[in-house]
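Trainee: Protein sequences appear in the order of chains A and B.
In terms of my numbering, the first sequence has 65 at position 65, counting the first letter as 1, and numbering is strictly consecutive.
In terms of my numbering, the second sequence has 181 at position 181, counting the first letter as 1, and numbering is strictly consecutive.
Source of the hints: derived by calculation from the structure; they are not laboratory data.
For clarity, every value in this text was computed on a predicted model and none was experimentally measured.
There are no misleading hints in this set.
Below, in silico cross-link-like pairs of lysine-lysine (PhoX-like), each with a Cα-Cα straight-line distance of 25 Å or less:
{"hint": "1", "chain 1": "A", "residue 1": "K172", "chain 2": "A", "residue 2": "K97"}
{"hint": "2", "chain 1": "A", "residue 1": "K248", "chain 2": "A", "residue 2": "K355"}
{"hint": "3", "chain 1": "B", "residue 1": "K44", "chain 2": "A", "residue 2": "K54"}
{"hint": "4", "chain 1": "A", "residue 1": "K341", "chain 2": "A", "residue 2": "K355"}
{"hint": "5", "chain 1": "A", "residue 1": "K78", "chain 2": "A", "residue 2": "K105"}
{"hint": "6", "chain 1": "B", "residue 1": "K42", "chain 2": "A", "residue 2": "K54"}
{"hint": "7", "chain 1": "A", "residue 1": "K257", "chain 2": "A", "residue 2": "K355"}
{"hint": "8", "chain 1": "B", "residue 1": "K146", "chain 2": "A", "residue 2": "K105"}
{"hint": "9", "chain 1": "A", "residue 1": "K78", "chain 2": "A", "residue 2": "K54"}
{"hint": "10", "chain 1": "A", "residue 1": "K97", "chain 2": "B", "residue 2": "K146"}
{"hint": "11", "chain 1": "A", "residue 1": "K97", "chain 2": "A", "residue 2": "K78"}
{"hint": "12", "chain 1": "A", "residue 1": "K212", "chain 2": "A", "residue 2": "K54"}
Covered stretches of chain B, as calculated for chain A (at least 3 residues, CB under 8 Å):
{"hint": "13", "region": "114 to 124"}
{"hint": "14", "region": "138 to 144"}
The following label-pair restraints were derived from C-beta to C-beta distances:
{"hint": "15", "chain 1": "A", "residue 1": "Y15", "chain 2": "B", "residue 2": "Q38", "range": "14 to 20 Å"}
{"hint": "16", "chain 1": "B", "residue 1": "S19", "chain 2": "A", "residue 2": "Y15", "range": "43 to 49 Å"}
{"hint": "17", "chain 1": "A", "residue 1": "E185", "chain 2": "B", "residue 2": "L134", "range": "33 to 39 Å"}
{"hint": "18", "chain 1": "A", "residue 1": "F117", "chain 2": "B", "residue 2": "L134", "range": "22 to 28 Å"}
{"hint": "19", "chain 1": "A", "residue 1": "Q119", "chain 2": "B", "residue 2": "L134", "range": "28 to 34 Å"}
{"hint": "20", "chain 1": "B", "residue 1": "S208", "chain 2": "A", "residue 2": "Q101", "range": "39 to 45 Å"}
{"hint": "21", "chain 1": "A", "residue 1": "F117", "chain 2": "B", "residue 2": "F138", "range": "19 to 25 Å"}
Glycine residues also receive a C-beta, built at the ideal position from the N, C-alpha and C atoms.
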Amino acid sequence: MNSAQPIQLAFETQYLNFCLKVNLELPSRGITGIFGPSGSGKTTLLRCIAGLQKPEIGTLSVDGEIWQNNRRFLPPHKRPVGYVFQEASLFPHLTAKGNLQYAMKRADQRGGSGVAFEQAISLLGIETLLEQYPDQLSGGERQRVAIARALLINPRLLLMDEPLAALDQPRKQEILPYLDNLRTELDIPVLYVSHSADEIARLSNHLVILDKGRAIASGPLHEVLPRLDLPFQLGEDAGVVLDATVVKRDTQWHLAKVEFPGGELWVRDGGDPVGTLVRVRILARDVSIALQAHHDTSIQNLLQGSVVEIADDSDPAVSLVQVAVGSSILVARITCRSQQKLAVTVGQSVWAQVKSVALVR
Amino acid sequence: MVFSAADIAAVWLTLRLASTVTVLLLLIGTPIAWWLSQTQSKFKGPIAAIVALPLVLPPVVLGFYLLIAMGPNGPVGQLTQAAGLGTLPFTFWGLVVASVIYSMPFVVQPIQNAIEAIGQRPFEVAATLRAGPLDRFFSVVIPLAKPGFITASILGFAHTVGEFGVVLMIGGNIPGETQVVSMQLYGHVEALEYGQAHWLAGALMVFSFLVLLALYTLNPSAAKRTFST
Numbered sequence: 001m002n003s004a005q006p007i008q009l010a011f012e013t014q015y016l017n018f019c020l021k022v023n024l025e026l027p028s029r030g031i032t033g034i035f036g037p038s039g040s041g042k043t044t045l046l047r048c049i050a051g052l053q054k055p056e057i058g059t060l061s062v063d064g065e066i067w068q069n070n071r072r073f074l075p076p077h078k079r080p081v082g083y084v085f086q087e088a089s090l091f092p093h094l095t096a097k098g099n100l101q102y103a104m105k106r107a108d109q110r111g112g113s114g115v116a117f118e119q120a121i122s123l124l125g126i127e128t129l130l131e132q133y134p135d136q137l138s139g140g141e142r143q144r145v146a147i148a149r150a151l152l153i154n155p156r157l158l159l160m161d162e163p164l165a166a167l168d169q170p171r172k173q174e175i176l177p178y179l180d181n182l183r184t185e186l187d188i189p190v191l192y193v194s195h196s197a198d199e200i201a202r203l204s205n206h207l208v209i210l211d212k213g214r215a216i217a218s219g220p221l222h223e224v225l226p227r228l229d230l231p232f233q234l235g236e237d238a239g240v241v242l243d244a245t246v247v248k249r250d251t252q253w254h255l256a257k258v259e260f261p262g263g264e265l266w267v268r269d270g271g272d273p274v275g276t277l278v279r280v281r282i283l284a285r286d287v288s289i290a291l292q293a294h295h296d297t298s299i300q301n302l303l304q305g306s307v308v309e310i311a312d313d314s315d316p317a318v319s320l321v322q323v324a325v326g327s328s329i330l331v332a333r334i335t336c337r338s339q340q341k342l343a344v345t346v347g348q349s350v351w352a353q354v355k356s357v358a359l360v361r
Numbered sequence: 001m002v003f004s005a006a007d008i009a010a011v012w013l014t015l016r017l018a019s020t021v022t023v024l025l026l027l028i029g030t031p032i033a034w035w036l037s038q039t040q041s042k043f044k045g046p047i048a049a050i051v052a053l054p055l056v057l058p059p060v061v062l063g064f065y066l067l068i069a070m071g072p073n074g075p076v077g078q079l080t081q082a083a084g085l086g087t088l089p090f091t092f093w094g095l096v097v098a099s100v101i102y103s104m105p106f107v108v109q110p111i112q113n114a115i116e117a118i119g120q121r122p123f124e125v126a127a128t129l130r131a132g133p134l135d136r137f138f139s140v141v142i143p144l145a146k147p148g149f150i151t152a153s154i155l156g157f158a159h160t161v162g163e164f165g166v167v168l169m170i171g172g173n174i175p176g177e178t179q180v181v182s183m184q185l186y187g188h189v190e191a192l193e194y195g196q197a198h199w200l201a202g203a204l205m206v207f208s209f210l211v212l213l214a215l216y217t218l219n220p221s222a223a224k225r226t227f228s229t
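Bound conformation, chain A alone:
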């Protein structure tokens, strides 16, 4: 099934001194990352979408079906949404399998993710955990069972509220590959709330940035990330992601060459065969600018491009420079003094020196 119509929502709700006021149109496929600092309204937004919280004013339609408007408010148990909570939310009185069956018994009979039991347990790799009770499972295992359970209600929308936040780094690394599976296997939209730029960069196709209850940006990841006008809560995480293809592997030096629209980059070989689609992330702080190509440097990746925009960073010492390389955009973070010394101006042809590229998937 392909849900063709976008998710449309507009919510306004006030709680004590916090006010959420958003109006968004989100894609009907792929993972939408919802990013923002604590207290920016990410969880409130998801709760409103699930119907767990009733905004004073709200409209919501998913795949052309109205879940809320000024006359109608569909209660949460009538909405075909899968919800993955931040902390383990398995029923303690049921085994892992019992938890999954709880969902299957109540699954939406109409179209949706269409995920069958066997598919869900293999997507999440929980075949061997089924007979265990939640208190016998590790945090990561519990969360994998909870994700499988959310899929088994046959949702038409999957909501994930910081599913990795309560886990330590090794447990996160354990779950991320399974989330990649969801990204490639699922036919339904996923809203993924996180305050981790790493997770967002790795998983999402579309990005919404929330700040103090307002959506200050919403658009395809490739368009939102390079924007310089956002008050950069991203901070040290500011940077771009590029979708690329592995074109060559250098086994001697353990490097791989990837091609993106506009150029090529050497990255550390992640073991992916030639032809694999990968995503790389280039942080602004790892990009510097030169007026000429310097080859007497340790930096492997030199990309010629032209300056599109220059903006101040939140730190007064540095500027952010957008450089177009072919049809892709990089962001470089350089000191204001360098910018003055090199007289970097919009439209100028420059060389972007990329010190480090992370293969995020």
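Please arrange chain B on chain A, whose structure you already have, making use of the hints.
Mentor: What follows is chain B alone, placed relative to chain A:
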């Protein structure tokens, strides 16, 4: 035979009364406990206080008001007469009604505490798994609050077995109808039958001990919770 026929009849009557009352208490007390655990209504305080009143009120006071209310001229009495049921005082069902009211806090409070201890999250999870309100109650609330229900049943039952003041006021001492163990014991003492009284009193002691033993072994955490409120 240590126990007289009247003693045995009193024991059976007491067990029948306590079982009936316990079933009714669970049926009536559970929705009240649920409501008290979930509501933010301004009536929460007053309702909770009314339910808890028998904890502090002398049983004879409660029995007196119930006698008046259920008597031929009382509001409840007129209702039962209009319904063709006669009046309730000095009948088994009069005792049942009085005992339900008298033991209510011992059932409502453990259940309410147990539901509150679950927190809202499991209910929300169940809602997102497409369980409707009634479904959530049976599939999540009852299994997760089970210790509270066990405690409530044991306390409600035991408390009904031991009541005296209320029975004295509205039950009287009719063999096979309202003559429960505590009345029978009182009767023995009045008649200076101390040997008989010892046996009945001893039996009640053992019973109370076994009830508490069951409570602590079946349900250690819930027992603690009940008695710390």
